[in-house]
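A.B. asks: All chains, please: the whole structure from these sequences, using the hints.
Chains as they are written, first to last, in this note's numbering: chain A, 1 to 131; chain B, 1 to 703.
Rather than coming from a laboratory, the hints here were simulated on the basis of the structure. Bear in mind the structure is a predicted one, so any value in this text is a computation, not a measurement. Take the hints with a grain of salt, since some may be wrong.
BS3-like, lysine-lysine: derived pairs with alpha carbons at most 27 Å apart [to be verified]:
| no. | chain 1 | residue 1 | chain 2 | residue 2 |
| --- | --- | --- | --- | --- |
| 1 | B | LYS450 | B | LYS397 |
| 2 | B | LYS356 | B | LYS373 |
| 3 | B | LYS465 | B | LYS373 |
| 4 | B | LYS223 | B | LYS252 |
| 5 | A | LYS20 | B | LYS337 |
| 6 | B | LYS465 | A | LYS20 |
| 7 | B | LYS472 | B | LYS450 |
| 8 | A | LYS5 | A | LYS20 |
| 9 | B | LYS337 | B | LYS501 |
| 10 | B | LYS373 | A | LYS20 |
| 11 | B | LYS337 | B | LYS397 |
| 12 | B | LYS379 | B | LYS450 |
| 13 | B | LYS356 | B | LYS379 |
| 14 | B | LYS397 | B | LYS465 |
| 15 | A | LYS20 | B | LYS379 |
| 16 | B | LYS373 | A | LYS5 |
| 17 | B | LYS397 | A | LYS5 |
| 18 | B | LYS318 | B | LYS252 |
The lines below spell out each chain.
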Amino acid sequence: MSRSKILLVDDDPDILETTKVALERADYEVLTATNGLEALGSVRISRPDLILLDVMLPGENGYRVARTIREDEDAGVYDRRNRIILVTARDLSNDLEREELFGDFARPDRVVYKPFELEDLLQQIEELLSE
Amino acid sequence: MDRGFILLRFMLIIATSCVLLVEIGPDSFPPALLVLMGVALLSNLAFFVLPAERLRSSLVIGATIICDTMWITAALIATGKFSADFFYLYFFVLFLAGVGQNIRLITLSVVIICASYVILIGRTVGFDQALTSKALIRVPFLFTVAVFYGYLVNRLRGEHHRVTKEREIINRLERSRRVLEEANTTLQAEVEKRERIEKELRKFSRAAEQSSNLVMIIDDDEKVDFVNQLFEEISGIPSENVVGRGLEIFTKLGVPGEVLDQMVSSIRNRSEWRGELPLRQEDNSELWLSVSTSPIRSSEEEIINTVVIATDITDRVKIERRLTVANVELHRLGEVKSNFVSTVSHELKSPLTAIKNAVSLIDPNAESTANEKFLRMIKRSADRLNFIISDLLDMQKVESGKLTIVPAAVHLGSFLGEVVEPFESQAESASVELFLDASDTLPEVLADAKRIEQVVTNLISNALKATPKGGKIFVSAERSDDAVTVSVRDTGIGLSPEDQKDVFDAFFQAGNVLADRPSGTGLGLTICRDLVRGHGSNLHLESELGVGSRFSFSLPVVSERAAEIIAFENETRTKFRRHPYFTVLVIDFDADRPVGNEELSKYVFETLHKVLHHLVPRSLDVFCDQPAQGRAIVVLLSTPREGGWVVKRRLAATLATNLFEVGGRGMASLKVLGPAAYPEDGDYGAGLIDRAILVGENTEDES
Numbered sequence: 001m002s003r004s005k006i007l008l009v010d011d012d013p014d015i016l017e018t019t020k021v022a023l024e025r026a027d028y029e030v031l032t033a034t035n036g037l038e039a040l041g042s043v044r045i046s047r048p049d050l051i052l053l054d055v056m057l058p059g060e061n062g063y064r065v066a067r068t069i070r071e072d073e074d075a076g077v078y079d080r081r082n083r084i085i086l087v088t089a090r091d092l093s094n095d096l097e098r099e100e101l102f103g104d105f106a107r108p109d110r111v112v113y114k115p116f117e118l119e120d121l122l123q124q125i126e127e128l129l130s131e
Numbered sequence: 001m002d003r004g005f006i007l008l009r010f011m012l013i014i015a016t017s018c019v020l021l022v023e024i025g026p027d028s029f030p031p032a033l034l035v036l037m038g039v040a041l042l043s044n045l046a047f048f049v050l051p052a053e054r055l056r057s058s059l060v061i062g063a064t065i066i067c068d069t070m071w072i073t074a075a076l077i078a079t080g081k082f083s084a085d086f087f088y089l090y091f092f093v094l095f096l097a098g099v100g101q102n103i104r105l106i107t108l109s110v111v112i113i114c115a116s117y118v119i120l121i122g123r124t125v126g127f128d129q130a131l132t133s134k135a136l137i138r139v140p141f142l143f144t145v146a147v148f149y150g151y152l153v154n155r156l157r158g159e160h161h162r163v164t165k166e167r168e169i170i171n172r173l174e175r176s177r178r179v180l181e182e183a184n185t186t187l188q189a190e191v192e193k194r195e196r197i198e199k200e201l202r203k204f205s206r207a208a209e210q211s212s213n214l215v216m217i218i219d220d221d222e223k224v225d226f227v228n229q230l231f232e233e234i235s236g237i238p239s240e241n242v243v244g245r246g247l248e249i250f251t252k253l254g255v256p257g258e259v260l261d262q263m264v265s266s267i268r269n270r271s272e273w274r275g276e277l278p279l280r281q282e283d284n285s286e287l288w289l290s291v292s293t294s295p296i297r298s299s300e301e302e303i304i305n306t307v308v309i310a311t312d313i314t315d316r317v318k319i320e321r322r323l324t325v326a327n328v329e330l331h332r333l334g335e336v337k338s339n340f341v342s343t344v345s346h347e348l349k350s351p352l353t354a355i356k357n358a359v360s361l362i363d364p365n366a367e368s369t370a371n372e373k374f375l376r377m378i379k380r381s382a383d384r385l386n387f388i389i390s391d392l393l394d395m396q397k398v399e400s401g402k403l404t405i406v407p408a409a410v411h412l413g414s415f416l417g418e419v420v421e422p423f424e425s426q427a428e429s430a431s432v433e434l435f436l437d438a439s440d441t442l443p444e445v446l447a448d449a450k451r452i453e454q455v456v457t458n459l460i461s462n463a464l465k466a467t468p469k470g471g472k473i474f475v476s477a478e479r480s481d482d483a484v485t486v487s488v489r490d491t492g493i494g495l496s497p498e499d500q501k502d503v504f505d506a507f508f509q510a511g512n513v514l515a516d517r518p519s520g521t522g523l524g525l526t527i528c529r530d531l532v533r534g535h536g537s538n539l540h541l542e543s544e545l546g547v548g549s550r551f552s553f554s555l556p557v558v559s560e561r562a563a564e565i566i567a568f569e570n571e572t573r574t575k576f577r578r579h580p581y582f583t584v585l586v587i588d589f590d591a592d593r594p595v596g597n598e599e600l601s602k603y604v605f606e607t608l609h610k611v612l613h614h615l616v617p618r619s620l621d622v623f624c625d626q627p628a629q630g631r632a633i634v635v636l637l638s639t640p641r642e643g644g645w646v647v648k649r650r651l652a653a654t655l656a657t658n659l660f661e662v663g664g665r666g667m668a669s670l671k672v673l674g675p676a677a678y679p680e681d682g683d684y685g686a687g688l689i690d691r692a693i694l695v696g697e698n699t700e701d702e703s
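C.D. replies: Right, here's the structure in full:
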């Protein structure tokens, strides 16, 4: 069985770097992107098994990236459903954000809140990939 | 009773005496009779003395009649010389006198009787004898008796008659008086009632006339019957043009259709109605009225007219509108704040995530070089956290007015060099050219170096974020008159006119977080602006989308006077460390209201600001209601005039109370800079600064 491919999207270089090291140590193949458009391009070309998507991104934010991916799925661009984990540091007291996060808008598979434990993140990824 | 009575009685007594003397003869005249006659004479003399009213009473007359009759009769009988004939005659005379109605008739009858008696005697003894007879003396006696009694009885009757008549008249008068009295009482009651009604009427008509509401009375024929003074004043239509007119008058007042129709139909239907309607005034401003119409019923439940009362609620409506606007603004602020919290939490959690990740990746068994990368990462993120927290704290300080600015002479040439240097490597890695143009020959300026460094650093860091590869950033300082302008210009993305308006608002970036990735907390520019304001200057922005932005501000050149001020300020600041700000109220009595001459007030304020940092401008209301917590200065731009007395009085009260300790938080002192501070001979600043320094010195004395 080949290694699972994970696309890591975050604009913070430190978070990107450390998470990448952690995933590689867990024997995943890691692709990175630092903004929404880059991430969308990477999803279409490289077809990762799982997308770890930060919400606060320059240009297209994480919600919209996730939504675009889902709309493409509905349009039949992909031959399978993408696994998406949204990563956010924002507080969810804001109704609008809750709606965007859990409603039809982004439809992520999981949500992980910053700051997260790397072990916890790895466990979530493993669970989702084995589904 | 009068003299006639007394005379007649004398005559009676004399006549009786004569009769008795003649019959008895003077020799054998009994002394008892003499005494009796003497008493009679004396009593008659006493009548002379007695007051006339006493004699007139029936009691006296009656007593006299009875007494006289008794003693005369007794005397006559006692002599024993008189025959029965004489007594018949005597009593007959008495009887005649008693029943006689008229004194003349009595006299006439007695004359006839006497004549008959004389004739009778003449017949028996012969007329010659008769005329000389002793018996003839009895004729005048009888005559006197008849006249006396006749007179008395007549008098008595007359008296009785008079008394009866009088009594009758009195009774009649009494009756008339009573009738009159009754009529008077009724009339009085009527008058009182009318007065009361009139008073009541006057009261209501005055109340309507002088009411602070507009009052209109519409009669049963739907014609205006009355409007009060205020109606005339507010509508601007004299009452004679309204009274007598129909309901169409309302359309003339500029009331809009639908509400007016409701009101008019309620007046037509004689029903109660309440509503609010705007009148358009001559100057096109709106006058809002709260109107109520109520039908007035008579005591017979019949509707007699309709009263329309309107209250001016323009102020209330205005306040309501302002509240609505304020509410919307508050709501917006709430959203902005909520976004801000999200953004800040993101800003804080990102470096925290990096730190946690790095910590968990450090392998204690690995070589130190392998871990070094993660350790650097931890330090960098910790620095970033610290930076963000400092920003937040600065913002908090600025918002609560606790930010202190300690100015000193700063040499901008070398100062800017030091500030720009750390950015050179950063600019290089971002492929942006960074230029510094600050001559060493620039004069020293008055500034708080630490704060200005914060401002310039923030502006350069913003410029770096906004400038793409190959762009340029210019940091420069140029002299203009007695100030030096510091500017940071970039060739970056620029700002749209709308964004330029909001760019200094706190949380501005936070508000647009989903559209573009924010860099920092969005507080940087707000803090910069407030720091520059703390220096008595303004942070200016010129920008064009796609071309670039230029931020600039000016700092005052240190003059000889400014050097003095710095010395003074630094001295007072240590003395008043707990109250490092002044409250300033600028009042221009010429304009008759606080801060009237805006330009001049602004100038005064700014001038003072340069001298005494952290001035808090106050309106008169706030100033008087919330006593200053620190030192306060009141600047009067002109002498108070008559019109300014209210301001003067309130000010005096505040000054009187606030020269004492305020809230136990240290000495607050207030000084009035009088007209002396008013600019003279074109020297605006010097006078003010002198006065301000004086305030500081005086404050010291008082504390």
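A.B. asks: Compare the structure with each hint and give your call.
C.D. replies: Outcome of the hint check:
no.: 1; hint: LYS450(B) to LYS397(B); in the structure: 15 Å, holds
no.: 2; hint: LYS356(B) to LYS373(B); in the structure: 14 Å, holds
no.: 3; hint: LYS465(B) to LYS373(B); in the structure: 25 Å, holds
no.: 4; hint: LYS223(B) to LYS252(B); in the structure: 15 Å, holds
no.: 5; hint: LYS20(A) to LYS337(B); in the structure: 34 Å, violated
no.: 6; hint: LYS465(B) to LYS20(A); in the structure: 26 Å, holds
no.: 7; hint: LYS472(B) to LYS450(B); in the structure: 26 Å, holds
no.: 8; hint: LYS5(A) to LYS20(A); in the structure: 12 Å, holds
no.: 9; hint: LYS337(B) to LYS501(B); in the structure: 18 Å, holds
no.: 10; hint: LYS373(B) to LYS20(A); in the structure: 14 Å, holds
no.: 11; hint: LYS337(B) to LYS397(B); in the structure: 17 Å, holds
no.: 12; hint: LYS379(B) to LYS450(B); in the structure: 24 Å, holds
no.: 13; hint: LYS356(B) to LYS379(B); in the structure: 12 Å, holds
no.: 14; hint: LYS397(B) to LYS465(B); in the structure: 26 Å, holds
no.: 15; hint: LYS20(A) to LYS379(B); in the structure: 19 Å, holds
no.: 16; hint: LYS373(B) to LYS5(A); in the structure: 25 Å, holds
no.: 17; hint: LYS397(B) to LYS5(A); in the structure: 49 Å, violated
no.: 18; hint: LYS318(B) to LYS252(B); in the structure: 24 Å, holds
Violation of the numbered hints given earlier is confined to hints 5 and 17; the remaining hints are satisfied by the structure.
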